[in-house]
Every structure is written in structure tokens, then in C-alpha cells.
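Q: Listed below are the residues making up each chain.
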Amino acid sequence: MDGMINPGTEALLGSQAAEVTIPETGVANLSRRGLFGVGAGALLLGVMVKSRAARAQGEGLAAAAPRPGTQVAAFLEIRQDGKVRLLSPFVEGGQGVATAMAQIVGEELDVEPANFIVDCAPPGADYMIVNGRRLTGGSLSVRSSYGTMRQLGATTRNMLVRAAAARLNVPEAELTTEPGKVLHRTSNRSLTYAELVADAMKLQPSEVASLRDPATFRWIGKPVPRLDARDKSTGRAQYAIDLKVENMLQAAVTHAPRLGQEPGTLANEAEVRGMPGVHSIQKLPGAVAVLADSWWRARKAAEALQVTWTEGQHARALPADFSSTAMLAKLRAEKGTGAPAEENGDLDAAFAGAAKTIEAEYDAPYLAHAQIEPPSAIARFNGDGTLDLWVPNQAPEMFQAVAAQVAGIPQEKVKIHSPILGGFFGRHFLYDGAAPFPQAILLSRAVNRPVKVLWTREEEFLRDGLRPIGFARFKGGLDANGMPVALHAVAIGEGPIGRYFTPDRPVDSSMVEGIAGKPYSIAAKRVDCVKVLQAPVISFWRSVGHSMNDFFYESFLDEMAIAGGRDPYEMRLAMLGDKPRQATLLRAVAEMSGGWKRGPFEVDGVRRARGVAMASPFGSEVATIAEVSVADAEIRVHDIWVAIDPGRAVNPAMIEAQVQSAAAIGLSSSLLEEVTYEGGEPQQRNFDTYPILPLARMPRIHVRVVESGAALGGIGEPGVPGVPPAVANAVAALTGERIRSLPMSKTRLGS
Amino acid sequence: MLELSINGETRQVEAEGDTPLLWVLRDTLGMTGTKYGCGIAQCGACTVLVDGTATRACVTPAESVVGAQVTTIEAVERDPVGAKVVEAWVSNQVAQCGYCQSGQVMAATALLKQTPKPSEEDITAAMTNLCRCGTYNAIAAAVRQAATA
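The listed protein sequences correspond, in order, to chains A and B. So that you can map any letter, position 24 of the first sequence is 24 in the working numbering, and since no number is skipped, the others follow by simple counting. So that you can map any letter, position 95 of the second sequence is 95 in the working numbering, and since no number is skipped, the others follow by simple counting.
Extracted from the complex, chain A is given alone in its bound form (with noise of 0.2 Å):
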């Protein structure tokens, strides 16, 4: 076996929040610092695995409280039409969750999954069930909750059955279920669960009641349709955008160009005031809001108003000077050790041995979130000192703490409502000055009235936390036959599990997920990592780390092939023999492709070839090879097949779709996303400046669900990180030219 490993993302937030260690300065700074507070999003995080780090240990008020995820009616309300609400832990964004949902516990209580009605559940102790944390994320939802789920179905479906025995006099053992209602077939009886309900929430629930044999599901391990086809398919989902409570006004905003500016004079204020539907101009922490009858005077007058912008005090405040070529030339001058992430054999002796050795280094750019649906909020102070926000969010106890923190009252006093989300992606956690609901709370309280804040695709492009920008350099030693025994690898930079979780950890875990952890057996080798701090508000990106880091390490090891002689395919086969859950899947996704061939090849005329690609995020495996053609000096993917290893499939439909959608954003970021910063501004602010992926681009995607029966493993996210490097050693099988610098699109294919 490998010696330390330290695989990432998954490391941290795919184990119990109790094991994990929070940084307390970074407790600290949050009540120092007030309004928009200094990574109040990462502070929150460490605040809430704090307090679940306590409980565990038995500690406080908590310590008495239920286990999370075994209260029936926190979770689950049975109508009097058949339907059953579920408010679910977990926010659906398009992933398909609250499908997902509805089938665990549908199938364990006995109702239709197409009979439920699936919402977000409020902040509560009860929804904490994510590994001990409550969020949307790390590909989690399904695997972390799939026990407590099912359970939580059998314990409802074993109060209904008890309530019936009760009702009908007959003991428990006489009685069986079909779908929504109590059977006792010897008289011939039934009780819908709608009869029964009052009854049963009177019961005791029994910790005990038995699951169903898994050979006789229905919905788990079924494409189940999704619940919200139709309305998705009719303009009636309602998402954040789209909610208004009575008496609301309307905001625009306007932030200042760099984070750490803030309003100075408004040239033209009373100018301003007096446009059309404009009820007043209000100055924010790092912004200018205008407020009115609707949100386009809002915005226009927002646009018309001149603000002067003054250097502040911010944390985060992003130099003035600056610009992300830059970075990645700071990244790339770093020279520095680091500290091991991975380590095994003698890396010395190895490379003295090796017959040959190459060296090369990689990039990666910022990237935004570009979820369609732009950030907005509703803020509405109540009578009696509550405060409902309807915000977009990943994780609703972590904005309601910082929502409290905002509007400076208890946070037990904020009802957070979240609404589905138009695509997020790693979007809506909490990021230093990237999200509107603070300004809302803000805007609200200043006038006295709800207020809706929407941000513009601008301000959005202007306030959006970034996937961070990458950097690692290669150096590998092959032996006389041309396979790799010595590997060093170096990742340079900053991740937001760093950031935000582990700063006093000599290794980021986000910055080497992709590099280290990989099953490939060489002989000896090291991945180090060299921190290098950086300027803008950075993110957690769908596959975080993976989204870049496999596309280093999966094209240096085609390099390697290369320079060793070798079938990149061949090659990886042969590093896989002690890894036979990988080496299946390798030989899935050739096979699916109709048996390996790099190439080139002609088809049509028209020269193509393929590259591969493995990746080992969030729990599952993923195998993946893309066949390209060049055109105009353009890339064109034609094909893209991905085996995918997640150990057992819940809704094999569902994560064909995830797979699909994986794939498109993964080439989208191959071919053609990058932010860049000049003089500390973002230079894309909309979509004609960052472009994303067209359906005139997108290739056909084929999926394979592999089920080696391994431990449930994440769906969201795996099926990005194959995608550029399988696209990148496409290329070069096809015009020999190496790329190693994304986007794909800033490369001059010169054939």
C-alpha cells in the first residue's frame, strides 16, 4: 500500500465533522469583524463543525437533543390527498436530489416517489445529517444520507402500521403495506396512510423498524422520472428570482470595482433620486443600492448614478495593481519545497536509476460559476422581530448564522427559505462579499420594508467567487522499458479547503485532490504542496480541485507514455494491476468505445484520434475517453465515453444526466472558460466575454454505470475532471502538440 495520502475534499467533508479540527482564529475574526464579515463564509463552516465536534462529545444542551435525521415529523408531512411533503435536507439545483429523496424514503415508507412533494427543510438540528454538517455538496447528498433516509421512511411506515393495528384491532404481524396505505388481508381491510396519519405522529418511533429486503425495491436503483420535469418544462419552477412578498421594493446594485473600495460621493444623487419609480439611494459596504417600484428602474437609475469609490479597510481588499497573469507567474517563480502530500519508495534513487526523465508545468485559470440564474435575495423584517430571507444556498444554518450576524439579532430569529436554485455548482456557499442577501437585511432594515436585491450577470461576474488558479510542475523518470518508476509532482497555489477549513495545514488538500491519490502503481513517488496565497475571493467549482488537477496529472502521465514509447492506454492498464476496480473500468470505457485506438484515424475524411483519462473524485471512479478532430485550428470533440464506478447506482438515469452535465461543464472549462484580472478587475462580465459552452459544441456523451458494489460514491461532480485531459491527449495524439495551459482555446493548433 501507498504511504500518506491525502486525497482532498473528499478527505475533509466526506468524513465526520467531529474528527475535523477548526482553526480558531478563524472564530475568532468572526465577531471582530461585523457586517459582510471577513470569510464569514469559511468561519461559519468552522463554526458549525465546531459545534458538531461538541455534541459528539456530549457537551451542552445539544448533547440531549434527537439524533439528527430520526424525527418523523421534522421531515415528513402525509396529506389528506395521498401526497407526502418531504422537506428535505438538501437543496435541488438540477441535480436531481429531491427525486433522489423521494425514492429512499419512498420506497422504506411505501409511497410512490411521483406522490411526493419535496421543498428544502428549514435550519434545524434535525437536517444535520451530512457527516454530522448539513450542506449541498462534495457530491454528498445521496451516499451521506442514504441510511438515515431509509430509515427514516421505515420508522414512518412502522408508526403507520402500528396506528393501524390499533385502528383495526389485529396484531402488527397481520398487517402488510401497498403503496400509501395498511392492508390486512385476512378481512380484507385497508387504511390509507392519510386515515392513519394523526394516529401514528402520536406514536413512539420505534429506533428499530425493519428495513426492506433490497431485492424487492421498486423506485432505489430505478430511473425514476424526476418531480419537477413538468414544471421545469413550463416556466412554473420558482426560484429565487422569482419570488415577491407584498410591499417589496426592488434594489439594483452597484459594486465598487474591487473588493475593499467603498462609495464616496454620488456626483449626481438628487439627479438620480428623482428618475422615474426611484424611492431612494442607499450606500453599502462596498457598494451603492438603488431602490424602487421595479427592479428595471431600479437598475437603470443604479447605471445613471455617478459614485466616486474610496480605498477601505477589507481583509480581502484586491490590490489595485492586480492581474492574474501575474499570479500565475508568482506561482510559477515559486521554487519552494512545500510539504508532502503523498509520499512512498526513495524519489532520489529512483530518478538516479531511471533511464530517462522529462519535466513539464501546468495551468489553469480562474473560473466563474456562470449558473444562469443570477444571485438574488428577499429580506422582510417582521413584527415580531424575526426576519424571513429568501435566499439561494448550499447550506441555509451557515447563511442563517451569518444573516443574524447582519441584521444583529439572534439567530434563531432568521427563517431562512431556500428556494431551487437556477444551477449552482459550488456557487452558493459563503463567500466574502459574493452574495446579496446581506445587502437585502441591510436595504430592508434602512427603509423599513421587504426589499429584493438582484444583481445583474455584471455584477455577478464582478462579485462571483473563483475557482482558484492553478499551477503544478512535473518531473517523471521512466525505466528502460519506457514505464514510469519515479514521480515528483509540485501543485502551487491556493484551494478553498485551505482557505476556509485548514489554514495552519502545511498541505491544502483541495490543491493536490487529482494529483495525489491517484491508483497508478509507480515505484516511488512524492506530490508536494507549495502554498502561495491568493488575491481574490476563490470557491469551491464543480470537482474543485479535480477540475484542474487531473488534467495535470493525466496529460504528464500520457507524456510519460509518450516519452516511454508507450500506449498511453497500454501503459495505464498496466500501472492498474493491484487496482482491479480502476482496471475494470478502464477496460469498460475502451470497450464502450468500441476497443481502444489513439489513432489518428480518418472518419469521413477528416482526421481524428483519442485520448484517455482516469480520475478517483468524491468516492467514485471515473474512466473517460474523448476523440477530437481540429477544424480551422478550432477543436472540435466529437465523442465523448465515461465509465463511472460510483459502487451501486440509486437512479441510473439520473446520473446519466449528472455524467452528461459533468462532461459538458468539464469541456467547457477545457475549451473555452477563463476569468482574467488587469488592474484588479475582472476582465469578463458577461457572456460575450466568457463564453460557455454552445449546444453547437457539445458533443454525444455515452455512460456506462459501472456497479463494482464498493461504497455509495458522489454523482455531481466525477464526471468532470476526465473530461480535459482526455480531450488534451486527444490533441496531441492528433497534431503531436502538447497542451498545457487551459483554456484550450488561447492555443494556436498550428496543423
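Hints are computed from structural coordinates only; laboratory data are not their basis. Here a beta-carbon is modelled for each residue, glycine too, at the ideal position from N, C-alpha and C. Be aware that a few hints might be false.
If the Cβ cut is set under 7 Å, some of the chain B residues that face chain A in the computed set are [said to hold, decoys possible]: (1) Gly39; (2) Cys97; (3) Cys100; (4) Ser102; (5) Gln145.
Please build the complex by placing chain B on the supplied structure of chain A, with the hints as guidance.
A: Just chain B, lined up with the frame of chain A:
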């Protein structure tokens, strides 16, 4: 005051004439099925039909559609082609986050009203709306299905 024809009904709306149709629909009329995504006619989330043609409402001044027939996602199923498109969208399970899908359905409806049997090139040329969830293969499949329904 503008007089607009929205989904077959005449609506009097109080808005400046240069207000984009999108915001008249969403804010003034409360019809939120049509989405705001970019405001510069790049993403297509705001697509509506103006006299049957797919139109990006975020850059269409309300006064420019006075006298025209505007159809939004809220009424798309009243159109026989639109109804087929919606059914194809549901049966192909196109939507993921769903935010762009109102616009996608409207763009597909406009395509099939003008070109009932579109070629692959027709589909690629007409379906230019952006989808960050990458549902494009399902979108294309649904358009094909609606064309044969």
C-alpha cells in the same frame, strides 16, 4: 401607458417605452416563467415569441412590440406545437436546474412552427440558448421527438 398583446390578451401596462419586454413581463405583469440571465441577448433564458419568432425579451423594448402578438412560456401549451414540445421536454427528462428551459422550450417551439421537420443543422442553428447544466443532447433529442410527434 402601453397596450400590449400577451398570450392573446390585451394588457395595459404602466412602464417607460424603452423598458425591456422581459421586465414588463416579470415585474409589471408578474409572469415569471420568462427568465433573466444576461441582459445582453447572449444566453436566451428570456426567449419569447413575437409574432411566432423567437425573440430575446431582455433587449426588446416593450414599445417595439405594440401591435404584435407576444407568446410566453405561460401560454406555450395552448399552441399545438408548443404542447408537443413541452411533452417531448418532459418525456426526455431534459431539465436539470431548469432555469434556462423556459427559453429553450420557446426557441424549440419557434423552430418547429417555422420548420416542422428540422435537419440537425437546423436544430444547431436555432437552439443557441445557453444551458450551464449541459442538457444539450437531451434538448436536441426532445426537438427531434417533437418534430415527429
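Q: Determine for every hint whether it applies to the structure shown.
A: Evaluated hints:
Given hint, Gly39 of chain B at the interface with chain A, holds; its Cβ is 6 Å from that chain's nearest Cβ, closer than 7 Å. Satisfaction of the interface hint for Cys97 of chain B is found here, the shortest Cβ-Cβ separation to chain A being roughly 3 Å, below the 7 Å cut-off. Below 7 Å, beta-carbon pairs count as interface contacts, and Cys100 of chain B has one with chain A at about 5 Å; its hint therefore holds. The criterion of a C-beta within 7 Å of any C-beta in chain A is met by Ser102 of chain B, whose closest approach is roughly 4 Å, and the hint holds.
Against a cut-off of 7 Å between C-beta atoms, the interface hint on Gln145 of chain B is violated, since the closest Cβ of chain A lies about 13 Å away.
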